[in-house]
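All chains should be built: construct the whole structure from the sequences, respecting the hints.
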Amino acid sequence: AQSVAQPEDQVNVAEGNPLTVKCTYSVSGNPYLFWYVQYPNRGLQFLLKYITGDNLVKGSYGFEAEFNKSQTSFHLKKPSALVSDSALYFCAVRDIRMDSSYKLIFGSGTRLLVRP
Amino acid sequence: EAGVTQSPTHLIKTRGQQATLRCSPISGHTSVYWYQQALGLGLQFLLWYDEGEERNRGNFPPRFSGRQFPNYSSELNVNALELEDSALYLCASSRGLDTPQETQYFGPGTRLLVL
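Protein sequence lines correspond, in order, to chains U and E. Every position in the first sequence, counted from 1, becomes a number in this note's numbering once 35 is added. Every position in the second sequence, counted from 1, becomes a number in this note's numbering once 1 is added.
Keep in mind that the hints were calculated from the coordinates and are not lab data. Just so it is clear, CB atoms sit at the ideal spot from N, CA and C, and this is done for glycine as well. A couple of the hints might just be wrong.
Label pairs and their in silico Cβ distance ranges [what the hints assert, rightly or not]:
| id | chain 1 | residue 1 | chain 2 | residue 2 | range |
| --- | --- | --- | --- | --- | --- |
| 1 | U | Lys112 | E | Ser28 | 29 to 35 Å |
| 2 | U | Lys104 | E | Arg96 | 23 to 29 Å |
| 3 | E | Glu52 | U | Glu50 | 43 to 49 Å |
| 4 | U | Ser95 | E | Arg68 | 31 to 37 Å |
| 5 | E | Gly41 | U | Ser61 | 20 to 26 Å |
Rendered as structure tokens:
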């Protein structure tokens, strides 16, 4: 079965320091991977996705993610964290089986707290 | 370009009542997805509509239903509400039918509280 794991419930980082939010996946076939961010009382905002090609994907707000096929990981990164990056981050994999509707399967979410 | 819109933002109902949630997709998008974000349960896929038809549904009871209108907007209906239906209901849209690389864009959600 397709699945996504976000092993950390919370990540704490100081403003200006690099941040990493971890995600591992399990799929049959090629993975289509996504990162979304959720601010309090808001919906999900799309950050970036990996479909094929370069393993380093650049997205919105200075975020990037590294796809690693051998480690089945898709970690979200940012070179210099901002306090305004504090939010809930979700990794998702697209289930591309023909009978699955291409629904997104989400990880449990990681709360990022950037302290001033 | 306007994003995905949802109404109402908040909805309070009592057990046994019915709730109707509405979603308008991004212009040009024909696929609408519904997800439930319940406390402690994460984000769960509910329903997928494309071109007016229900294409797939998640592991939810039949009292969760909906429809898609000719203008591609969608409605989610929840009958015989139970306390555990309290959640944030998120609608997403994408171009369809459908290629896996298409991004789903989410609306702000409707927070349903069942008392």
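Quick rundown of the hints versus the structure:
1. U/Lys112 to E/Ser28: 29 to 35 Å: Holds: the Cβ-Cβ distance is about 33 Å, inside 29 to 35 Å.
2. U/Lys104 to E/Arg96: 23 to 29 Å: 27 Å Cβ-Cβ, so the 23 to 29 Å window holds.
3. E/Glu52 to U/Glu50: 43 to 49 Å: Since E/Glu52 and U/Glu50 have Cβ atoms about 47 Å apart, the given range 43 to 49 Å holds.
4. U/Ser95 to E/Arg68: 31 to 37 Å: Because 33 Å falls inside the window, the suggested range holds.
5. E/Gly41 to U/Ser61: 20 to 26 Å: Given range 20 to 26 Å: holds, Cβ gap about 22 Å.
The structure fails none of the hints (numbered hints given earlier).
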